[in-house]
Amino acid sequence: MNIQIQQLQKQYSGQTVLDIPELDIARGELLGIVGNNGAGKTTMLRLALDLIEANEGHISIDGEKVNESTHWKRHTGSFLDEGFLIGFLTPEEYFHFNGEVYGMSPAQVDEGLELYKRFLGDEIVGTDKYIRQLSTGNKQKVGIVAAMVVNPSVLMLDEPFNFLDPSSQLIIRNILREVNQSRGTTMLISSHNINHLADICSRVILLEKGLIIKDIRPEVNGRLDEVERYFASQAEE
Amino acid sequence: MFKTLISHSWQMMRRSAFFEKSMFAKGLIAFVIFFMVMNLYALGRSLPVLLQEQFPDFAPAEWVYGALPLILLGDLFMRFFIQKVPASHVIPYLHLPVPTSTLSVYRIFRSWLHPINFYLLFFFYPFIKMTINPATSSQELGLLGIFLLVGINHSILMLIRTPGKESKWLGYLLVILLLSAGVAYYMIPEKIMQESLNVFLAFVYARPAGFLVPLSMIVLLQFIVYRQTIKNFYQLYESEEKVEKSAGQNIIENLLASVPVYGSYWLLEWRLLLRNRRTKSGLYTFLPMAIAFAVYAGLWFTEQEQSGMAIVYILIAGGIGSMHLQHAFSWESHFFDYIASRDLPMEVFVRAKYYFYLLIGGIQLLLISLVLAFLNIDMMLLFAGISLYSMGLGFYIYLRAGIRHSSRMDLQGKASFNMEGVSGMKMLLGLLQFLIILPLNIIGFLLPVPHGAALLVGITGMIFLVNHRRWTRKLGQRLEARKYINLALYREK
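These protein sequence lines are chains A and B, in that order. Residues 1 to 237 (our numbering) are what the first sequence spells out, left to right. Residues 1 to 493 (our numbering) are what the second sequence spells out, left to right.
Pulled out of the complex, with its shape left as it was, chain A reads as follows (with noise of 0.2 Å):
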C-alpha cells in the first residue's frame, strides 16, 4: 500500500511543529524518520495514524484519506508508545485480542508468535504477568510484535529500538528488513539509531522543525553519512 501526504500542517497554539508540502511513500518502500528531539516525527506518525488532527491537508493510505474513514486501519499495525498497550492484559491475552480486530483465530496469532520467538525472549510469553508489570523494553517488544504479528501491509514504528538490548535490536532490526522483503510492507520506522536504518531502509527523510530538510536513499548513495553530518553540524553548533 502506498502512502502520499499532500500540503499537511499541524500547529499547537499557533506554532508550526509539522509541515510537509507533499511527499509520497511507493508500496513496499521502508521509509526511515529522523531528526532531533522535536523535528515533528512523532507528530506525523500520529497524523497518518489519524490520532490527531492536522490543520490542514491530509494523508491518504492507498487513496484513502485517514481521516475520512476506518478501513484502512485493517491493513494498518502501528506501535507509537505504551498508550497503545492495554495494561491490565497479560501480553497473550493482548496479541489475541490485537488478532481478533484484525480477523485472526488465536491459532493464527500463536503461528504467527513463531517469527518473534527469539525477539520476545522468555521474559515476556507464559509469564503470567500483566504488560503494565513488565519492563519498559518488554512493554515496547509486546508493541512491536502486536503490531508485526497481524501481517500488516502498513507498518508505522516510533523509535522501535529504545529501551531494546542489543542483541534485540538486532533481531527486531532483521525482522524488520525480512517482513520488508518477503511481505513488501510499507513501512514508516522514526529512530535516532542512524546506523540501523542505514542497514534497512530503503528510503529516509530528515525532519528539522517539522520541514524534511534531507530525502535521502540509502541504497543509492551508500550510506547515510548526509544525515550524520547533518547531526555533526548541529552538534558542533
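Where hints are given, some of them may not hold.
[Stated by the list, open to error] Lysine to aspartate or glutamate pairs mimicking DMTMM-like chemistry, simulated, CA-CA at most 25 Å apart:
no., chain 1, residue 1, chain 2, residue 2
1, B, K26, A, D128
2, B, K3, A, E93
3, B, K3, A, D110
4, A, K209, A, E92
5, A, K129, A, D110
6, B, K3, A, E22
7, A, K209, A, E93
8, A, K209, A, E178
9, B, K231, A, D128
10, B, K165, A, E123
11, B, K3, A, E92
12, B, K3, A, E56
13, B, K231, A, E111
14, A, K129, A, D81
15, B, K165, A, E56
16, B, K280, A, D215
17, B, K168, A, E82
18, B, K231, A, E178
19, A, K65, A, E22
20, B, K231, A, E92
21, B, K231, A, D62
22, B, K165, A, E68
23, B, K231, A, E64
24, B, K231, A, E53
25, B, K84, A, E22
26, B, K129, B, E253
[Claimed, not checked] Only part of the chain A face toward chain B is listed, based on derived beta-carbon distances under 7 Å:
no., residue
27, F88
28, I213
29, I216
Everything labelled a hint here was simulated from the structure, so no lab data went into it. The beta-carbon is built from N, C-alpha and C at its ideal position, and this holds for glycine as well.
Starting from the known structure of chain A, fit chain B onto it as the hints suggest.
Chain B alone, transformed into the frame defined by chain A:
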C-alpha cells in the same frame, strides 16, 4: 467487538490494584462499602419516622419527594468531584480497526456503571417502601423514576466531560436550569415542592409522560454525547501534545522558597501538586468543596446531628492533606532515587512535608471557621476539633503508613482519589484514623462537658501536633532505614 470490550472492562476491574491487595484488606474495604450502603439504607428506613416525629404536621413523603430538585442538585454537585468519565480507557483502541462508534458506545456504557448512578437507590428503596402504598401505586416504578432522574444528572455530567465545546455549553446550560430550580425552591417553596411531588406521583401512578420526558432527555443527551465523542476523539491525543506553558517563579513560589530550612522542600511539594493532573485537581477542588460543605453543614445541622458524619468530616477537615498524604512517599517515588542518593536529611524531608500540609490545613480551618462563626458556632467547634484531629493524628497515620510505600503512581492520571499506588498496609493504617474517631466521638458525647466530642478529638489531635518534632524525627529515621527495601520492592514489581 463490543462483547470483548465489555470483558476488558471486567478484566480491568478484576485486575485493578484493589484486587491485588490481601484478603484482609479486601475484606475490610468490602466492609466499609457495605457499611456506607447500609447507612444509606438505614437512613431511608428511619427518615420517615424521624420526620414524622419532628414535623407531625407534614407527611414525610412530601418532604422528600417535594425536595427532589435539591436532592438532584446535591447529586450533580457531588458528581463534579467524584465521577470520572473513562475517556482514557479507549485510547489503546484508537489505532486499531475498532469502529469509533463502538468505542463511543463503550465509553457511554462504561460510564453508566459508575457507583454514583446507584447510591441514591439504596436510600430511596426503603424510603419508598415505607411511604408508598403498594395497593394504590407502584413502588418499583417510583424507584425506576428516581433512577431516570439520576440518569439525567449522569447525562449532563457526560455532556460536560465530553470533548467539544458544543456539548459542554449545553451541559452547563442544563446545570444552570437545575440551579434555577434549586433557587426557586427557596423563593417559591410551595410551588416547587408541589411540582416535584407531581413528578414523583407521575412515576408511582405509572403515567407515561412521567417516564417519557426523562427517558427522552436521557436518550437525547446520550445521543449528543455519542456523536460528540466520535467527533472529538482527537482531543484525547491533542491534550497530550499541547505544550504546557513553562511556569515562571511567581509570588507564592518565591514566598515558599524564602522559608528557611524547609523552603526548597516546600517549593518542590508545591510544584509537585500544581504540575500534575491528579494532584492539581485535588488541590483546586477540595478547598472550595470543604467550604461549601461547611456552609451546608452550618446552615442545616446541629453538632449532635452531625456527630455521625465524623468520617466524612475527617476528609473535609484538613482535606487537602488527607487527599494528598494518602500517597505520601509514593508520588515522589518517581524521584525517590534522586532523594535517596543525595544528602537530604529524611527527618527534614518528612517534617517539611508535614508542615506544608499543616499550613494548607490551617488556612482551610481558618476559612471554614470564619464561615461557621457566623452560621453555627457549635459546628465551628466540631470542625475545629476534627481539623486538629486530622492535622495531628490523621496526618501522622498517613505519613507513618507512607513509610512502607514502595509503589509508584501515575501522576498524569486524572482521578484525584483512587487506590492506585496505595499499598494494602498503608490503606489499612489510613483507615485507622476513621475507626479511631468513632469511639472518641461517642466518649466525647458522654463527657459531662459542653462540646465534649469536639474537645476530645481536638485534644487527641493536639497531642500529636505538640509532639510532632519527636514523631517526625522517628519517621525520618524509619524512612531512611526503609528506603533500601522500598526501592528494592519497587524494582521487583
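Hint by hint, here is what the structure shows:
1. B/K26 with A/D128: holds (22 Å)
2. B/K3 with A/E93: holds (15 Å)
3. B/K3 with A/D110: holds (22 Å)
4. A/K209 with A/E92: Roughly 39 Å separates the two Cα atoms, so the pair is violated.
5. A/K129 with A/D110: Holds - the C-alpha atoms of A/D110 and A/K129 are around 18 Å apart, at most 25 Å.
6. B/K3 with A/E22: violated (41 Å)
7. A/K209 with A/E93: Answer violated: A/K209 to A/E93 is near 39 Å, above 25 Å.
8. A/K209 with A/E178: violated (32 Å)
9. B/K231 with A/D128: violated (38 Å)
10. B/K165 with A/E123: violated (46 Å)
11. B/K3 with A/E92: Given pair B/K3, A/E92 holds - Cα atoms ~19 Å apart, limit 25 Å.
12. B/K3 with A/E56: Since the Cα atoms of B/K3 and A/E56 sit roughly 37 Å apart, the hinted pair is violated (cutoff 25 Å).
13. B/K231 with A/E111: violated (38 Å)
14. A/K129 with A/D81: Status holds; Cα separation ~19 Å.
15. B/K165 with A/E56: Cα-Cα ~21 Å, so holds.
16. B/K280 with A/D215: Outside the cut-off at roughly 44 Å; violated.
17. B/K168 with A/E82: Given pair B/K168, A/E82 is violated - Cα atoms ~30 Å apart, limit 25 Å.
18. B/K231 with A/E178: This hinted pair is violated, its Cα atoms lying about 39 Å apart.
19. A/K65 with A/E22: holds (14 Å)
20. B/K231 with A/E92: violated (32 Å)
21. B/K231 with A/D62: holds (24 Å)
22. B/K165 with A/E68: holds (22 Å)
23. B/K231 with A/E64: Roughly 19 Å separates the two Cα atoms, so the pair holds.
24. B/K231 with A/E53: holds (11 Å)
25. B/K84 with A/E22: Since the Cα atoms of B/K84 and A/E22 sit roughly 42 Å apart, the hinted pair is violated (cutoff 25 Å).
26. B/K129 with B/E253: violated (56 Å)
27. F88: holds (4 Å)
28. I213: violated (22 Å)
29. I216: Violated. Min distance 28 Å.
Violation of the numbered hints given earlier is confined to hints 4, 6, 7, 8, 9, 10, 12, 13, 16, 17, 18, 20, 25, 26, 28, 29; the remaining hints are satisfied by the structure.
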